[in-house]
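Asks: Spelled out from the first residue to the last, the chains are:
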Amino acid sequence: MNDYLIKYILHLADNALILGHRNSEWCGHGPVLEQDIAITNISLDLIGQARNFYQYAAQLKSDGSTEDTFAYLRSGKEFKNCLLVEQPNGDWGQTILRQFLFSAYQFYLYEELQKSKDDQLAAIAEKSLKEVTYHLRWSSEWVIRLGDGTDESNRRIINAIDNLWKYTDELFIAADYETKATDVGIAVNLKIIKSKWQAKVKAVFAEATLIIPENILPRTGGKEGKHTEELNKILNDLQILQRTYPGCEW
Amino acid sequence: MNSINQHINTSTIEKKIWEILETIKDPEIPVLSVIDLGIIRKIEIYSEIEKPPLGGLGVYITPTYSGCPAMDVISMNIKMELFASGFKNVKITQVLSPAWTTDWMSEEGKRKLKEYGIAPPNHKQQVCNDELFAPNEAVQCPHCNSYLTHRISEFGSTACKALYQCDDCKEPFDYFKCH
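Going line by line, the protein sequences match chains D and F.
Residue numbering for the first sequence follows our numbering, starting at 1 and increasing by one per position.
Residue numbering for the second sequence follows our numbering, starting at 1 and increasing by one per position.
Some hints could be false.
[What the hints assert, rightly or not] Derived EDC-like pairs: lysine to aspartate or glutamate, alpha-carbon spacing no greater than 16 Å straight-line:
#1 Lys79(F) to Glu131(F)
#2 Lys191(D) to Glu111(D)
#3 Lys130(D) to Asp103(F)
#4 Lys42(F) to Glu14(F)
#5 Lys130(D) to Glu131(F)
#6 Lys191(D) to Glu170(D)
#7 Lys200(D) to Glu131(F)
For the record, the hints were derived by calculation from the structure and aren't laboratory data.
Since the model is a prediction, treat every value here as computed from it, not as a measurement.
Could you put the whole structure together from the sequences, leaning on the hints where they help?
Replies: Right, here's the structure in full:
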């Protein structure tokens, strides 16, 4: 029973950590100071959520694993994050779109996870949902601003849709461990949140004068550890210190 | 069974612990104690029998934001201060549910915030929903008390704050956003 539950928790944690790391790459490079601070605040929230999940997974695994060994000492194929969150920042339009697509997913996911039979997961979801509400509102407003903005901003966000849309199907295709955890009332039933996600994206895209692509061949595999080359680039950066100087602190 | 003496003893200890907690400040907003912030859920005192050989102390805290870096520092400071006062076996437990809300901040805490130059959180949550382009919350300038202010960014210098500017005195200020 523990095995698939731990995998599910790591999947939730990895999604938050990897997107948190991606956003942190903007630190000091944001288009204006206020938005630099906003994206790094979102980063901080996500890394905090990841820590809560990792700590819980470590507690269940009780083999000496810690939040740090999960984040810093696993290889790429052990990471269970969706492909969407590991995609590169690109320009501001691509970062915004990635955040919006993921925040909308995470918002409905946590809303449902609050009802999980697992009390700790329900508690983490309840706590995190308040934060994700900010992320979703902020990124929705930016999608509308860019889509319904200038020719330049419109062109850039359409380009981002071309780059990222193929990774959205994976959010709603359950991995093996997800199905097992859903069957026992712990994980979220992805069918329930898919329609809510679609409705939200449709509404925001409509206001942003953007069109939802159709018949795009989906890319999947991240949840099972089959990643794009982007993940290893992130891990090189994220893990180098702990791998070079194990256990180091500052 | 507790004798009357033991009972008195326990509540004296408890009073002392609360006094110590009152001295522990948020490292990022050093005018607020952990009690003002409303993050201490409860304390539990264990006898020598419950936690042999020396007894112990449990402190239950609720984090403000998941990623707030001040929380680790606060936990460590609680342990160190209690240790310095002779409480050796202190365990800090994080409680996530119910989630922390600015409604738990003390009135005294809100007063101290304003004095410090940070606008305290409004009483009722006004912007914590997903409505887009919602009108700015009316936030009073902590410097000149004007309500003619506007939001510059809903994310500020720390996770718990938003950035505002006063249209009267022109001073920018932090708003401890409702959450």
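Asks: A separate judgement is required for each hint: does it hold in the structure or not?
Replies: We went through each hint and held it up to the structure:
{"no.": "1", "hint": "Lys79(F) to Glu131(F)", "result": "41 Å, violated"}
{"no.": "2", "hint": "Lys191(D) to Glu111(D)", "result": "14 Å, holds"}
{"no.": "3", "hint": "Lys130(D) to Asp103(F)", "result": "14 Å, holds"}
{"no.": "4", "hint": "Lys42(F) to Glu14(F)", "result": "10 Å, holds"}
{"no.": "5", "hint": "Lys130(D) to Glu131(F)", "result": "14 Å, holds"}
{"no.": "6", "hint": "Lys191(D) to Glu170(D)", "result": "12 Å, holds"}
{"no.": "7", "hint": "Lys200(D) to Glu131(F)", "result": "12 Å, holds"}
Hint compliance for this structure: hint 1 is the single one not met.
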